[in-house]
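Sequences listed follow chains P and L, in order.
Here our numbering is used: the first residue of the first sequence is 1, the next is one more, and so on.
Here our numbering is used: the first residue of the second sequence is 110, the next is one more, and so on.
FYI, nobody ran anything at the bench for these hints, they're computed from the structure.
Hints may be right or wrong, so weigh each one.
Not everything, but these chain L residues come out facing chain P in the computed CB check (under 8 Å) [to be verified]: (1) 117; (2) 151; (3) 157; (4) 160; (5) 163; (6) 172; (7) 173; (8) 184; (9) 186; (10) 189; (11) 196; (12) 207; (13) 209; (14) 214; (15) 215.
Okay, the calculated bits of chain P under chain L, using three or more residues with CB under 8 Å as the criterion [said to hold, decoys possible]: (16) 22–33; (17) 43–56.
Computed from a predicted model, the values in this text were never measured in an experiment.
Glycine residues also receive a C-beta, built at the ideal position from the N, C-alpha and C atoms.
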Amino acid sequence: GQGVEQPDNLMSVEGTFARVNCTYSTSGFNGLSWYQQREGHAPVFLSYVVLDGLKDSGHFSTFLSRSNGYSYLLLTELQIKDSASYLCAVNSNYNVLYFGSGTKLTVEP
Amino acid sequence: EAAVTQSPRNKVTVTGGNVTLSCRQTNSHNYMYWYRQDTGHGLRLIHYSYGAGNLQIGDVPDGYKATRTTQEDFFLLLELASPSQTSLYFCASSKTGGDTQYFGPGTRLLVL
């Protein structure tokens, strides 16, 4: 089967950072995407990674280790408005994405 | 950014009722998808299509039919709705199968 796992919840403090983890076990790998989703709204694309290493995109950075089936989304200089759910999605067979259940990030003052 | 619209935005029906959810994308994407989202399960793929007249089965297809009438339009049909189908439904589109997906605003369906 296709498994994409994320922790349910994560809390952090405004002005600091948060790391959202994602582990996957799929029959193939053709890339991994991160989406942000606010309560009751549609997921919004944030980042896509296909090569190992850290991809720095400013406020959001993503890391991938294909050999370990692991990725994380790093949010720096957190703001209250970063409070949302973050979804990890793996493309394993060119046709569909397999989504994790999402991590709800709460940023406290 | 891709434009994906859904209608209706909210729908209430009764058990056994007939419901059609509509999705339209205006960016000439080939792939379109229907998902449901429930607390604790995340996004689950119901059906998808890679072109007009094509239909592929997703992970949770039972109780759902779908039809892709044109490149722009993808419909989800619940012919005998059940309370277990109460959910938030999202449509999405992408240029190719593994490409970034763009989501519509969602339809909240309540089956009484």
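Hints versus structure:
Annotation: interface hint on residue 117 of chain L violated; nearest CB of chain P at approximately 15 Å, more than 8 Å. Annotation: residue 151 of chain L was flagged as interfacial toward chain P, and the flag holds, the nearest CB pair being 3 Å apart, inside 8 Å. A least Cβ separation of about 6 Å between residue 157 of chain L and chain P falls short of the 8 Å threshold, and the interface hint therefore holds. Because the closest C-beta pair between residue 160 of chain L and chain P is about 12 Å apart, greater than 8 Å, the hint is violated.
Interface restraint check: residue 163 of chain L against chain P, minimum CB-CB distance 11 Å, threshold 8 Å, status violated. Hint status for residue 172 of chain L: violated, given a least beta-carbon distance of 20 Å to chain P, over 8 Å. This hint is violated: residue 173 of chain L has a C-beta 16 Å from the nearest C-beta of chain P, more than the 8 Å allowed. Interface hint status for residue 184 of chain L: violated, as the beta-carbon distance to the closest one in chain P is roughly 18 Å, over 8 Å.
Taken as an interface hint, residue 186 of chain L does not check out: its beta carbon lies about 20 Å from the nearest beta carbon of chain P, beyond 8 Å. Annotation: interface hint on residue 189 of chain L violated; nearest CB of chain P at approximately 26 Å, more than 8 Å. Look at residue 196 of chain L: its Cβ only gets to about 13 Å from chain P, farther than 8 Å, so that hint breaks. Because the smallest distance between the Cβ of residue 207 of chain L and any Cβ of chain P comes to about 4 Å, under 8 Å, the interface hint for this residue holds.
For residue 209 of chain L, the suggested interface contact is upheld, since its CB lies about 5 Å from the closest CB of chain P, less than 8 Å. About 5 Å separates the beta-carbon of residue 214 of chain L from the nearest beta-carbon of chain P, less than 8 Å, and the hint is met. Among the interface hints, the one on residue 215 of chain L holds; its C-beta lies about 6 Å from the nearest C-beta in chain P, closer than the 8 Å criterion. Only residues whose beta carbon comes within less than 8 Å of a beta carbon in chain L count, and the segment 22–33 of chain P has 3; three or more means the coverage holds.
Counting residues of the segment 43–56 of chain P whose CB lies closer than 8 Å to any CB of chain L gives 4, so the stated coverage by that chain holds, three being the minimum.
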